[in-house]
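Student: Protein sequence lines correspond, in order, to chains A and B. One rule links them: number in this note's numbering = place in the first sequence (from 1) + 2. One rule links them: number in this note's numbering = place in the second sequence (from 1) + 282.
Hints are computed from structural coordinates only; laboratory data are not their basis. Ideal placement from N, C-alpha and C gives every residue a C-beta, glycine not left out. Careful, some of the hints might be misleading.
For the chain B half of the interface with chain A, some residues (derived, Cβ under 7 Å), not all of them [said to hold, decoys possible]:
# : residue
1 : Tyr361
2 : Val365
3 : Ala467
Simulated coverage check for chain A against chain B, where a stretch passes if three residues somewhere in it have a Cβ under 8 Å from a Cβ of chain B [what the hints assert, rightly or not]:
# : region
4 : 31 to 45
5 : 123 to 130
In silico negatives: residues of chain A with every beta carbon more than 10 Å from chain B [said to hold, decoys possible]:
#  : residue
6  : Ala4
7  : Arg6
8  : Leu11
9  : Glu22
10 : Gly25
11 : Pro52
12 : Ala55
13 : Ala58
14 : Arg66
15 : Val99
16 : Ala100
17 : Glu103
18 : Gly109
19 : Val118
20 : Asp142
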Amino acid sequence: MAARLLSDLLGATVIGPGGERIGRVDDLATSLAEEHPLVTHLVVRGRWYPWSAVEALDPEVRLRDATAGGASRALLLHRHVLDSQIVDLEGKRVRRVADVELAEDEGRLRLVAVDVGTAALARRLGLRALARRLRSRSVDWRALHVVARPAHGLQLAAPAAAVHRLDEDELAALVDQLSPTHAEELLAGIRRPPRAPARPRPPRRRRFPFRLIRRHAAP
Amino acid sequence: MRRRSGLVLFAAVLGPGLLAGLSDDDPAGITTYSILGADYGYRLLWVLALSTVGLVLFHELGARMGVVTGQGLAGLVRYRYGVRVGLAAMLALLVANIGTAAAEFAGIAAALELAQVPRWLSAPVAAGAIAFLVLRGTFSRIEHVLIAACSVFAAYVLAAVLADPNWGDAARGLVVPTLPATSDALLAATAVVGTTLAPWGLSFIQSYAVDKRLHPRDLRYERVDVVAGALLTGLIGFCVVVACAATLHAQGRSIEDAADAAVALEPVAGRFASVLFAAGLLGAGLIAAAILPLSTAYSVSELAGSEAALDDSFREAPLFYTTYFVVIAAAVGLVVAPGVPLVQVLYLTQALNAILLVPLLVLVLGLARDRELMGVHALGPIGTAVTAATIALIGACVAALGVLSAVR
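Chain B extracted, bound-state conformation:
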């Protein structure tokens, strides 16, 4: 009886961890994982394992802060660090999120171009569908649709199985840390860290936990949601790496992006694996494209001091919905407008996300330690030390990424 009620409670809190985690497996993430698998086989899987641990750590903090304080990250930053710091963080998030949303729509377009759908059609239609869902749906309807959409990630598990990988090698690569002594390998490894933990995911999980109205007594189950979401995020990444390692790496083929990987898979793993890969890319793009504008809209309204919820109507929360639509429109515009150097935009966006991540993590640590804010749920000395060490490690990765990209 108790187990059943536990399950019911878990189903009720399920969402923030799952959606924030899986939105990190966006087209840019799938691209990074594909390249990692195609170029380095199973060898760098341990990086993915480590970044999954980081994801658990910070998403748990984000969800905990949202549940305990009832406020989102941008709102808490304004309360504790002042309106200027809050504004700077929010503007950086706004720019980075518009660029990232463009990357998601570009992923959707690339996946559908494989099915001969032109991008001037696919991106606006996808944007329209997402906007309609968020404007007309209630919180629980939107959540159910997004969670159901996450099942599309099963495509990558299937693709990995179809690729007939060497599971023993994959397991070894997951637990034995080795790094080829080349700057390219280091670049690929740091890129994985940068793509798994993302600024928008951090702000999203906290705002979303607030919007879901979770109570501190739900925290136990919410932790399960966070850990499950992060593990699932890592598992999908693992499957993408494994699928590409077993096929493209074994054949010595290199790829440019995830859509490229889907095409390259066909001769080596069969048509079905290729279609699965493309379908996964489309689903990943759609989920992330729905969540990015949402994360931005939460942050902007929190900073402005007019917190809004998905259950509000447009009239009740004009700033929230306006931000949502502006982000979608700008992102689609970047993808379909002729003459936009999309590759450069996406590259700069990734750089901005990486640069933004470390200061944001420092702010999160400061807030999570604040006893006045968090009470008994505040981060203790051990938690603080672990979190600070992780931030230092991520900072080192970001710095290495910056130096290596500049050198190349």
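Isolated chain A (complex conformation):
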């Protein structure tokens, strides 16, 4: 499994089956069906190409079939995840996603983790020398937790187990850090029973980060 970074893929040239240039990678779409979700679509200039059409990623993205499908409900890694705010339960701090870590697995890409460290930020700005001296800090996607996104029909993707494991003081300290809207979402997430039966989680986890995406309040 080769590791890939979203920031390296974004902006890569996309070539069609006849060698024609289609555009640049604008976004990657995932479904939240799995613990480490598969990338389902490549988004180029507002057109969605199914991942099965991707032939190669290097040196540029090559498609074996340039038939684009329509947009669907999905989590977009650039638009929704990159640079979004997350709440790190262990550090009890609000942070921003500096990069998204993907793993290449038999030609398919899986969303593995997000990097919230300053090193990733420096690297994206082209400051590689600085990036080597800064901290990298990645958080497993399984430890992240999507909160209410009514606009996209996403509900809690995982049980709020991580939040449940905080004791009252820790939870209070966390809620204190959040904006009132986020705090409400967090607490609502704890009260709301998970829709799908919870998968057993590993007994001990080093961090319990928590992922929040803005409430979209669709009219």
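Starting from the known structure of chain A, fit chain B onto it as the hints suggest.
Tutor: Frame of chain A; chain B shown alone:
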């Protein structure tokens, strides 16, 4: 009963609009208003009325975005426009804010020099007091001190009354737009727009509304705070213009800056009016000098992705406090260090603020329209049109200011 609970709620949300607005009435602002009054009397007061409308419009947007998204402007710019655009905006803000903070400390020093306090003493002492307040105070303590400090602006209302102005002429100047056909008059008018709406105020009101943890259901009251703050900002500007128009303009005297105005007021309006004017300048400088580094510290930590709050300790938010102290130290350094061409630094700072304003307003408009981000609070088509037209008008003012300053 309902009215009382409304009042209590209003008192609870009071702050962002008031502080962001009044920090725009900083020494540079007071200087602009003084010159406007001394050179053009009551004639250009309508420009002030218009820029107050602009202030209401954009500060309301800033506060709304902060409350709805729970994120500051620099953070949202990074989320929506990418880290490069965010970094460019943040670096421009950092440079402009250090220069502007230097202007605030220069104003404090100028006001205290009238009382024979040398600037090598006044600027560092003021900086120390501000740094102590922010490092040791909690959010609500800091807010209370700053709001209480705003009462110093009453000095300008008193000074205006003492100047015994012609209120009828002032009212006419406020509502009847006339512009003397000279480039100097146009320059003075555009400078008012540039000084009332400031980039740091925009980023400050949003970050501060986040730090205050206002809830979307508070928005109704928060709007009152924003409108009240902007109107008060306009009123103070009005009083400064009126005080100078009634005295200096009537006597045909011209001035260079706000401290100059305080000195020039003494023979025409009396010693008390002069002292009031100087005291107002000192207070305006202190409030803005506290808010500018704060605005910068919020922006830097938001961009870096480690959002911080005033209630955090230094250990919890090192980047936030380091930025705060670096801005203060650099600003004081510019003011007290010998050999620094302070006049040029302040002039370039004003130019940078004016240039930075328009792209920042465009970013604000883009974010405020974003339904995914703002939900039902997003700017609709009418709001978008009004905001875009205002940005175009401000852009035209900034361009005119640039051309006219270059020609001079």
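Student: Far enough from chain B: is every CB of that chain over 10 Å from the CB of proline 52/A?
Tutor: holds (24 Å)
Student: Please check whether the beta-carbon of alanine 100/A is more than 10 Å away from every beta-carbon in chain B.
Tutor: violated (6 Å)
Student: Okay, the region 31 to 45 of chain A and chain B, do three or more residues pass the C-beta test at under 8 Å?
Tutor: violated (count 0)
Student: Just want to verify: arginine 66/A was marked as not at the interface with chain B; is every Cβ pair farther apart than 10 Å?
Tutor: Non-interface label on arginine 66/A holds, nearest chain B Cβ at 30 Å vs cutoff 10 Å.
Student: Alanine 467/B was flagged as interface toward chain A. Is the shortest Cβ-Cβ separation under 7 Å?
Tutor: violated (45 Å)
Student: Glutamate 22/A clear of chain B by more than 10 Å, beta carbon to beta carbon?
Tutor: Per Cβ check, glutamate 22/A is outside 10 Å of chain B; nearest 27 Å; holds.
Student: Going by Cβ atoms, does leucine 11/A stay more than 10 Å from chain B at every point?
Tutor: holds (15 Å)
Student: With d taken as the least Cβ-Cβ distance between valine 99/A and chain B, does d exceed 10 Å?
Tutor: violated (8 Å)
Student: Taking 8 Å as the C-beta cutoff, is the stated coverage of the region 123 to 130 of chain A by chain B satisfied by three or more residues?
Tutor: holds (count 3)
Student: Does glycine 25/A really sit off the interface, with its C-beta more than 10 Å from all C-beta atoms of chain B?
Tutor: For glycine 25/A, whose nearest Cβ neighbour in chain B is about 17 Å away, the distance exceeds 10 Å, so it holds.
Student: Less than 7 Å between beta-carbons is the criterion; does valine 365/B satisfy it with respect to chain A?
Tutor: With Cβ-Cβ at 6 Å, under 7 Å, it holds.
Student: Does the no-contact call for arginine 6/A survive, Cβ to all of chain B over 10 Å?
Tutor: Since the minimum Cβ distance to chain B is about 19 Å, arginine 6/A lies beyond 10 Å and the statement holds.
Figure legend: structure checked against the earlier numbered hints; hints not met, in rising order: 3, 4, 15, 16 and 19.
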